[in-house]
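Q: Modelling step: build the complete structure from the supplied sequences, incorporating the hints.
Line by line, the protein sequences are chains A and B.
Using the numbering used here, the letters of the first sequence correspond one by one to residues 153 to 278.
Using the numbering used here, the letters of the second sequence correspond one by one to residues 73 to 248.
In short, the hints are calculated from the structure, not lab data.
We put the CB at the ideal spot given by N, CA and C, even for glycine.
Accuracy of the hints is not assured; some may be wrong.
Unchecked claim - Pairs of lysine-lysine residues, derived as DSS-like cross-links and limited to a Cα-Cα distance of at most 30 Å, are as follows:
(1) 172/B - 198/A
(2) 238/B - 158/A
(3) 238/B - 172/B
(4) 158/A - 172/B
Claimed, not checked - Here are a few chain B residues that sit away from chain A, every Cβ distance over 12 Å (derived from the structure):
(5) 128
(6) 140
(7) 175
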Amino acid sequence: MTRADKILLAGLLLISLLSVAVLYGRFSIFPAKAEPVQAVITAQGKLVRKIYLTEGVNSSLVIQGRVGPATVEVDGTRIRMMGAPCTGQVCVKEGWIGRPGQTIVCMPGEILIRIEGAAPVDAVTR
Amino acid sequence: MRDRTRRLVFLALLVAMATALHVVEGMLPLPLPIPGAKLGLANIITLLAIYLYGFRDGLTVALMRVVLGSLISGMFLSPGFMLGLSGAACCTLVMALLLKYTNCFSMIGVSLAGAVGHNLGQLLAACLLLQSGAIIYYLPVLLIAGLPTGFITGFLLNSLLVHDRKSGILRDLVRT
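A: Printed below as a string of structure tokens:
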């Protein structure tokens, strides 16, 4: 191992540590822009509400569907259909959703709750 | 004419050895869960080919190794194959430049630079494949994984060449 080798090794080590600091550090030159996750509620094809799903916000609201009012509950980063006037109750049994891409559909009431935002990766294969 | 045949045979042997190393290495489970990081033993043969015959033949050996290795392991034309191809080409280029235009580095230094070149080539191909620059965040991981493996392969080749300086086996094979 020559002197130049050692200098090269030290330089590369420095560069890789520096790149860790630059790319993963708190004061990153490329700040990660996280797309906010929001629940989009539509009833009978029309947009009713957009709710940002952020930690610590709890609320419930009533959506007027085709067969009557349905109750939607928001609990921080997740949302569910608490009560619906239909017979099947499929939307209520769907439970809580919160990941981008998930949906709750109420067919009789024509209500659609859809989570939008940057979808996280499910899995990585090689 | 005899020299050309000798060279052809020796290059074929190098390709065969590199392919064998590539495939066997792919069978080994990695202790680290880093996709894309490998020991890179086949790189020893690439560097040896550049050392003995120059850039063009080194590139031939490297690319042939990637193609043959991927055919054997069933990964031909997969994304991983593209990354390997681009990585091998970049790695060969970097190592050949260092071998030709500098003489202060031993094989360890050249191999280290080659490992970094390989990582950069891989990431470049990944950027093009994914059409996004976000994969650049993977660079530090690959760099840190690449330094010890580059060192190990360089060290192995160095030992081989030191041995050859005494015994002269490689020299005789190549130059008679």
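Q: All the hints need checking, so say for each whether the structure fits it.
A: Verification of the hints:
| no. | hint | verdict |
| --- | --- | --- |
| 1 | 172/B - 198/A | 68 Å, violated |
| 2 | 238/B - 158/A | 25 Å, holds |
| 3 | 238/B - 172/B | 24 Å, holds |
| 4 | 158/A - 172/B | 19 Å, holds |
| 5 | 128 | 25 Å, holds |
| 6 | 140 | 20 Å, holds |
| 7 | 175 | 9 Å, violated |
In this structure, the earlier hints numbered 1, 7 are contradicted, and the remaining ones agree with it.
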